[in-house]
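Q: Listed below are the residues making up each chain.
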Amino acid sequence: MTETISATPPLGAPPDRDTLLEVRDLRTYFRVLDGTVPAVDGVSFSVGRGKTIGIVGESGSGKSVTALTIMRLLDIPPAEIGAESEVWFDGREILRIPLNVMRKVRGKDMAMIFQEPLTSLNPVFTIGEQIAEQVRLHLKTSGREATDRSIEALRLVGIPSPESRIKQFPHEMSGGMRQRVMIAMALSCEPKLIIADEPTTALDVTIQAQILELLKAIQQRTGSALMLITHDLGVVAEMVDHVVVMYAGQVVEQGTVEEVLLDPRAPYTMGLLESIPSVEKRGGRLSVIKGVVPSPFNLPPACRFEPRCPYAWDLCHEEAPPLSRVGSADRLARCHLHTSAGDSRRGAALQQHIDAMRVGGTIRDAPA
Amino acid sequence: MTEMTTSTTPMAAGEPLVRVKGLKKHFPIHGGLLRRQVATVYAVDGVDFDVQPGEIFSLVGESGCGKTTLGRSLLRLVEPTAGTVTFRGRDVTGLPAGELRALRRKMQIIFQDPFGSLNPRMPISDIIGEGLLAQGLTDRKTRDSKVEDALETVGLRREYTRRYPHEFSGGQRQRIGIARALALEPEFVVCDEPVSALDVSIQSQVLNLLLDLRRDFNLTYLFISHNLSVVQYFSDRVGVMYLGRIVELGTVAELYRNARHPYTIALLSAIPEPDPRRRKKRLVLTGDVPSPVAPPPGCRFNTRCWLREKLGNPERCVTEEPELRVLQSGHQVACHFAEDVTSAAVVAVAASQPAIAPAASEPA
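If you read the protein sequences in the order shown, they are chains D and E. Quick note on the working numbering: the first sequence kicks off at 10 and runs consecutively. Quick note on the working numbering: the second sequence kicks off at 62 and runs consecutively.
Since the hints were made in silico from the structure, they are not lab data. Honestly, I wouldn't trust all of these hints.
[Stated by the list, open to error] Short, incomplete list of chain E residues facing chain D, as computed with Cβ under 7 Å:
{"id": "1", "residue": "98"}
{"id": "2", "residue": "101"}
{"id": "3", "residue": "148"}
{"id": "4", "residue": "291"}
{"id": "5", "residue": "312"}
{"id": "6", "residue": "314"}
{"id": "7", "residue": "315"}
{"id": "8", "residue": "329"}
{"id": "9", "residue": "334"}
{"id": "10", "residue": "335"}
[What the hints assert, rightly or not] Which chain E residues stay away from chain D? Per the calculated CB distances, all over 12 Å, these:
{"id": "11", "residue": "93"}
{"id": "12", "residue": "97"}
{"id": "13", "residue": "342"}
[To be verified] Taking CB as the label site, the calculated pair distances span:
{"id": "14", "chain 1": "E", "residue 1": "339", "chain 2": "D", "residue 2": "306", "range": "37 to 45 Å"}
{"id": "15", "chain 1": "E", "residue 1": "338", "chain 2": "D", "residue 2": "34", "range": "51 to 59 Å"}
{"id": "16", "chain 1": "E", "residue 1": "218", "chain 2": "D", "residue 2": "225", "range": "46 to 54 Å"}
{"id": "17", "chain 1": "E", "residue 1": "381", "chain 2": "D", "residue 2": "113", "range": "41 to 49 Å"}
Beta carbons: idealized from backbone N, C-alpha and C, even for Gly.
Model the full structure from these sequences, guided by the hints.
A: Structural data, given as structure tokens:
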């Protein structure tokens with residue numbers, strides 16, 4: 010894993026002290042036989058200390074690659090990171106620091122919880138050994154102290170009789186328990202940022218509720234910031250302060266959770282919300298987003314959502330829309346509806362969304 | 062698929078299309094040197110319900126509650142251990158193989174996994190045509206035209222018959238799975254988590270398709286899902302399963318507005334809603350679902366029941382298994398103390414829960 014960002018342009022100014030993580034123009038490409046795949050294509054957002062941000066998108070939107078790039082967990086090559094990309098974490102730029110320095114940040118100040126707890130835990134070590142290893146490495150403690158800390162972390166996530174649990178192997182635990190172990194591991198070094206990638210997707214709904222409540226309580230207690238990656242808008246509504254919606258590698262909408270879910274401005278977000286089944290929509294047809302997510306090898310020429318967009322017009326096929334302000338400074342949407350060219354169409358489009366949320370949809374299901 | 066055969070025996074009014082009585086499916090666990098049976102998985106353990114013609118009956122529950130096994134034993138894809146399934150008044154469980162095959166034409170299934178359920182080495186024409194061939198349609202030409210009709214019905218192009226599964230997206234594969242079930246012109250379709258593996262925007266396309274097909278071909282669905290929002294939108298009546306049994310059964314309106322089983326209430330409380338104004342204090346169940354190898358004595362839910370705790374742990378819950386009984390509201394519930402469930406009690410229990418509740422211990 011050798012990586013050099015050649016011809017590095019001078020870094021921008023560091024963000025202010027209240028900002029824990031700032032991602033600027035992040036671009037991650039995968040070079041493969043058939044060409045280059047822009048998995049993440051110019052993504053910017055920031056997370057304040059102790060805040061919660063939700064990264065939302067469907068499969069292939071680039072949300073997980075964004076997290077892996079920030080954590081520097083991608084192999085380079087085949088991945089490539091854009092020369093102008095910057096990630097500022099806790100006052101320093103971390104895309105350019107040597108990997109051995111990054112290893113001291115990762116796991117200590119910045120920890121990740123993965124989707125599948127069974128494959129993320131090592132099956133041949135007890136969970137106690139796995140948590141203690143991390144504590145020993147990062148906090149330079151003795152073995153005894155590390156064990157005590159592991160027990161403490163397990164107790165914090167609500168695992169009963171942790172003294173005996175640390176001697177168990179991952180396969181001896183249920184899915185919910187394993188996810189608790191993953192969280193305990195992430196918390197063991199008291200990180201400033203927890204990145205959780207679909208932490209409850211593999212779990213049943215009652216266990217999901219346990220884990221979400223646990224994450225909330227722990228965040229309150231430790232003051233960590235949380236970056237929650239999910240496709241579930243319900244989980245987002247419950248958990249986060251600020252939302253970033255991604256589609257085909259780009260940010261298409263950003264704002265507070267109330268703004269994005271109750272007053273969405275990007276047609277993709279509007280369509281997603283319309284397509285969720287709810288009791289209000291019973292009896293009517295569900296709105297659908299026609300077609301499928303475009304292949305990263307064959308992205309639409311201008312707006313990436315244009316082929317599926319019910320509001321698209323000629324301009325959307327000719328010119329890529331910018332991420333424009335639709336309110337306060339960090340309330341953004343990527344759509345021509347919100348540029349001056351969309352002035353005459355904006356009102357009708359927003360009204361159409363409001364109508365679709367009230368009764369079943371009006372947009373016809375196109376054959377796939 | 063323009064002509065639907067309607068040559069089935071007419072039914073008496075009010076008679077259910079499918080009636081399930083006392084259905085059980087137990088799987089033996091073999092172990093030891095002599096591979097003797099050492100334990101039993103009580104996957105489905107005494108289930109009764111009716112499905113009326115034309116309705117969508119849903120089964121909800123968490124993983125391991127037996128909903129998939131139940132769906133499969135209705136079609137005898139797994140042999141039930143005990144109990145009967147009648148379809149249009151005929152007992153399916155006692156049928157010899159030949160007659161079962163004829164009946165399978167009327168009862169079809171759509172599987173959950175759009176990747177695992179289509180043979181990657183078969184072209185679409187064979188995947189969909191296999192059922193037709195098994196039903197004795199040996200003429201290739203007629204079969205192919207039926208396959209093309211089925212593809213068109215589910216919104217795919219007729220030309221796709223020569224393609225292979227890997228050429229399709231997840232949503233399209235699920236359409237192929239639906240076409241396979243529909244090619245036989247069934248009356249009753251078991252939909253086993255048909256949208257769980259799909260992205261939200263694709264999920265709504267498939268749900269709309271299923272609703273259209275029901276209308277166009279007079280289908281009756283048994284819809285199996287763990288997603289309570291989808292079930293609420295999609296179904297007429299719902300049965301909630303826990304550890305191999307139905308614990309509550311009623312219309313969507315009754316169940317979602319006036320749930321009476323403590324488990325149903327906890328399930329409903331756990332759904333995250335995509336509306337930040339409705340952030341609520343959840344009623345969080347402690348612990349995991351017990352193993353179906355050794356279900357708890359008495360009420361199977363007693364190890365996690367918040368209501369039992371609130372009532373001071375009455376003995377009856379561990380000594381006597383509650384049967385499904387009909388409440389005044391008309392829906393059925395299997396709880397000794399269903400009358401003690403009030404919305405005030407639910408709010409009080411939710412409010413008193415500590416933020417970091419210790420997870421109940423599980424058998425190590």
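Q: For a quick check of understanding: which of the numbered hints are violated here, in increasing order?
A: 1, 2, 3, 5, 6, 7, 8, 13, 15 and 17
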